[in-house]
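Chain order of the listed sequences is X and U. Per the working numbering, residue 113 is the first one in the first sequence, and the count goes up by one each step. Per the working numbering, residue 11 is the first one in the second sequence, and the count goes up by one each step.
One or more hints might be untrue.
[Claimed, not checked] Under the rule of at most 20 Å between Cα atoms (straight-line distance), these lysine to aspartate or glutamate pairs were calculated in the EDC-like manner: (1) U/K379 - X/E204; (2) U/K28 - U/E92; (3) X/K203 - U/D346; (4) X/K126 - U/D177; (5) X/K161 - U/E386; (6) U/K379 - X/D182; (7) U/K14 - U/E78; (8) X/K323 - U/D306; (9) U/K379 - X/E343; (10) U/K93 - U/D68; (11) X/K161 - U/D426.
[Said to hold, decoys possible] Computed from the model, here is a short list of chain X residues facing chain U with C-beta under 10 Å: (12) A138; (13) Q142; (14) K144; (15) N148; (16) I151; (17) A175; (18) L191; (19) R209; (20) M230.
Read the hints as simulated data drawn from the structure, not as lab findings. From a predicted model like this one, the values you see are computed outputs, not experimental measurements. Built from N, CA and C at the ideal position, the CB exists for glycine as well.
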Amino acid sequence: MDDMVKDISTQEIKDTVLIDTPQNPAFCRQLKKTTNARICIGRAGSRFKTETLLKFRADHAIAMDAVWSDVDEGLIDRLGFFKVQTQVNNKEEYIRRPDLGRIFSKETTEQIKANCIMSPDVQLIVADGLSGYAIDANLEDIFGILTDGLTAKGYKVGTPIFVKYSRVATMDKISEALNAKVTIQLIGERPGLATGESMSCYMAYESSSKKPESQRTVVSNIYRKGIPPVEAGAQIIHLTDVLMREKKSGTELKL
Amino acid sequence: MKLKTRLFDQTYSFRDVKDVLAKANEEKSGDILAGVAAQSTVERVAAKAVLADMTLEDLRNNPVVPYETDDVTRADQDAVDEKAFAKIKSLTAGSFREFLLSAAPEEIAAVRGGLTSEIVAAAAKLMSNMDLVTAAHKLPVTATCNTTIGLPGTLSSRLQPNHATDDINGIMASVMEGVSYGVGDAVIGLNPAVDSIESVSSILKNFKSFMDHWQLPTQNCVLAHVTTQMKVLEQTDAPMDLMFQSLAGSELASRAFGIDVSLMDEAYAMMKEKKSSRGKNFMYFETGQGSELSSDGNHGADQLTMEARCYAFAKRYHPFLVNTVVGFIGPEYLYDGRQMIRAGLEDHFMGKLTGIPMGVDVCYTNHMKADQNDLENLAMMLTLADCNYIMGIPAGDDVMLMYQTTSYHDVAALRDLSSKTPIAAFAARMQELGIMQNGQLTAQAGDPSMFQGWEK
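The following block holds chain U by itself, in its conformation from the complex (with noise of 0.2 Å):
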């Protein structure tokens, strides 16, 4: 394995694989603050020569934390399927990456076992944007609960009803007027502004009878801490559809999230036992650059390799739903709108690669050096790279995480331009409804008034 090159008279070395992995990447904030980043342009450059030289095997042999002192990396290397493996090994980063752009969709696939994800994340680092938008659109991935999301030709999206306080009312409120957006076909998903067992429980019930009294085919999920949801399973009667937690992409940094591998194996086997749906796909999970660094659990990695690492800690547990939420942690680790959108190409990239139903919220807080003109144009790029889903929210405003994501609007403007559609049985219901005609929304739809009267 070389890990030197020169390149206009002058000599780059690097470290080992990680410090490559790190160089290699584009320019992110939080490769800056984490002191792993490339000095100068031409470095980086360079770092992604000597990447792309790489086999597959030295990568898969360099995981960025220990085997032996992490539990994603086990979970990672474990998985991974030997004779695929095999086949890819001796292949290049670089060859690997003109496989992915001009192999077949049934070629790729049939490799995707033998990958882990420190070659995940160096084939992102070697790809463009459009290249990560082209390689995605070969990479379609299914998941089944109680509807399939993923399928050629769909748009999904999560309904965000969020509310400062979790009103009840004010929560059916941005319900009803997403809906009658044709939008929540993903999943009816409330960040709880409180963490408890009845509120939580009470949310479930409440999504759940408003699906039930309109025929919604979807599903129903409140994004509580996870120990909070294993306790509404055991305690309670809600019914539960997805269950959901963010992940991290290694053992100290899932601490900070008060979880680990087992403890999420142990919800896992819970939630099978107990969940409300019927399809064989039934978590949903969130992750984003640069979280790892935040709670001091990046063990000198870039944020992208860690954010791969995620997606492999994900797959584990066969999610119906797994997104990015690529600008909420704010400008440290991606500066601007150039970086977020960057960042989002790369981690939907990563987790379609790595075979997991991958969505994005598309969203920047407000000392991000971002806009909406920056939210938009990621959200047309990763609806061309087929996204499995974006959020939906009123008008894009989190009034409760104080951030800005797709709006209803966007939702509907994004099928629009690319004939997309919701998940077929949730697009016949709006038909039924008259929310959508032939996937367009019709004259009636955004009307929130049209569900008056669904808690009778």
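Excised from the complex, chain X in its bound form (with noise of 0.2 Å):
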């Protein structure tokens, strides 16, 4: 690897202290241990080291690529998924109106019914969000542990169903178009610096458009570095008993 310029994506900030000459450099490191914040990271005059400066831009680039990437279809085919898509017609407008990514039209809503069981215990969405890299990192891992858990336990597991351009919202359609009991939506998260992969998962009993937002049960921050895919599958399971067992959702529910 020596024809390789270092690799400062890999490079954890916890881990270096690039003050010049600091009073106390084991302080220094001490502090750092405390916080992810970017600290004692040194200056060039009043400006970044070029260090500093290129693994933030790294940071934000991934972290803009990831919203304005597409999930892999050929992986959502592959897991045998009905794919739909929202009133939006392009990444853009996605962007702009939330609105539109909240709804379809009637025609894709007769879709949905003709081709997906309906009634079913468990309806499972996967949704890009704001982060198509997200998906491709995670749902691989995710959907087996949950289709084979949830058939275990005796669901009726609904057709999974991909949404393209969809907010949280979707899932609210989707349930009252099929039916279904407990719906359960893996949506792509908005960023954070150097978080392009993390994902959401959004759970609600008899999901309605007609409830407020607090209906829903949240598992968030599903990624290798957070909560890994495998974990949290099993975490939502375990939340698919309970809203089952309990008939609710969100903040109705005492956890």
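Hints in hand, dock the two standalone chains.
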């Protein structure tokens, strides 16, 4: 690897003190352990050192690319999802018009009804949300666990649906169309710096557009450095049991 | 009042004052989302021409939310100094713009009391970016808590030591790093991850003890919900120099924030009695274009006019700090760097014209088409406009709120570029601590280990 410039993307901010001559380097290292904030980074005059600047730009770049990336539909097809699209036509419109990302056309709603299992106990939805990378990175690991686990528990599992250009609220529309009991939506989170892979799971019992957002139970930060997808899968199956038993979700549920 | 004009052989007519105000705005994705924006570039200019011809009296008489149904409108209208209003009411918005650009600062200050939000918004809509900087530059606003902010030649900063879980050691690590860059003269203010009485009071105490130990002349604040801070005042002995709340521009939108005018009146009265700070200004507010639409409280008005109404709301409480969090809300309201820069300049100008000590959180999120270069551009423009303060955060990366704002380094560089300093008392203390010399960072600056052992 001698012909390669150092990979700045894999470097952990927590590990390095970049101050040239700190009064107490050991104390600086101790401070770094307490926070993810980019401290003890030193300076070039009043500006960042080159390493700090490039690391920041790399972390912003991956976040930006995650927002503008599309989910790998090869993966979606392989896993047997039924694919639909909201009223949004392209990524730019998706960003500008959150209202259109929450609804389907009449035809799409009819297609969902015609092609998917009606009245499932559990309806699984995957939505691109604000990060296609998040779905690419986590779906394969979590999908098998969820479908196997839920089927093993004897639940009637619905046809998995993939929604392109989707906001969280599409889960209400799908639940209403299919008369689902528990709806589980996996969606790409709005990326933070360097965290384009983070996925959230929203769950609701009889998910409905007539109910407030507080109907939803959330598991967030699903990715390899947060809650690993395998672990999140087990958590979601457990929550499904709770929602089915209590017949409610979100803030109404005292977990 | 005329609501029609002709441009390039086409007639443009508008429904009412609210429609003219909305269509006269520079392009913002939030106004398009709300369905109130001009349909074409020429229609936008036509609306500006109609607006320029309206009198300030027309604007005052047509608030975008009716007086009868909205407590923010009432707060704004009831506060008007009728004598000052009488002097300017027959001016058109176009000639008012020229007045702001040509009059002496004291002449402008003399009519401030006669303005309402719609008048302030109209002036912003008729100005170019450089107009906004030029006019704001003439409208200094000072305020006094423990120290005095907004004096000529100063550029202050809020030290924002946010932490994902409110770990006190992690928070204090960012505080030490920030002060070592001369940051924190406006306030040491945390956005808490945990909105509880216990946690908020403990953080306030830690900030105060750090300030006392190192004799830092500044203010402490934890930006929890106002009702939490009221409980902290009632139930604990935690020192609170500044009380915080996010504001919106209508009663409906305020409700989404869990507040209204009467609750804020109550909070203000309680703070006046129980605060730990000395001066007459002890409130801190944040705002931002688009928050009214996001809670369906915009009443069909544009986001700039709704933002101006936040400042009228803020003015009622003689704040020490007010800042717009300009690019936090996301691209459906401010799409890209261009819109973010425009909104930052507008908000700062409108705050200053209203008479509040305005700062700006120059920021963006990762789903906006904006980057650090846009942020730096706006921060430099605002420094030229004499913005009271900006934020300072480690490398501009907020690890709790997941957005990017100005860094400790940006604060230092902007002071260098503009020959501005922190608030005098803070600057003097920085000199004693060996962090600054004649307003510039010393070789030792930027090393938090100089503060080792403060907790003892």
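Results of checking the hints against the structure:
| no. | hint | verdict |
| --- | --- | --- |
| 1 | U/K379 - X/E204 | 10 Å, holds |
| 2 | U/K28 - U/E92 | 23 Å, violated |
| 3 | X/K203 - U/D346 | 15 Å, holds |
| 4 | X/K126 - U/D177 | 16 Å, holds |
| 5 | X/K161 - U/E386 | 16 Å, holds |
| 6 | U/K379 - X/D182 | 17 Å, holds |
| 7 | U/K14 - U/E78 | 28 Å, violated |
| 8 | X/K323 - U/D306 | 16 Å, holds |
| 9 | U/K379 - X/E343 | 34 Å, violated |
| 10 | U/K93 - U/D68 | 17 Å, holds |
| 11 | X/K161 - U/D426 | 17 Å, holds |
| 12 | A138 | 8 Å, holds |
| 13 | Q142 | 9 Å, holds |
| 14 | K144 | 8 Å, holds |
| 15 | N148 | 4 Å, holds |
| 16 | I151 | 4 Å, holds |
| 17 | A175 | 4 Å, holds |
| 18 | L191 | 26 Å, violated |
| 19 | R209 | 7 Å, holds |
| 20 | M230 | 33 Å, violated |
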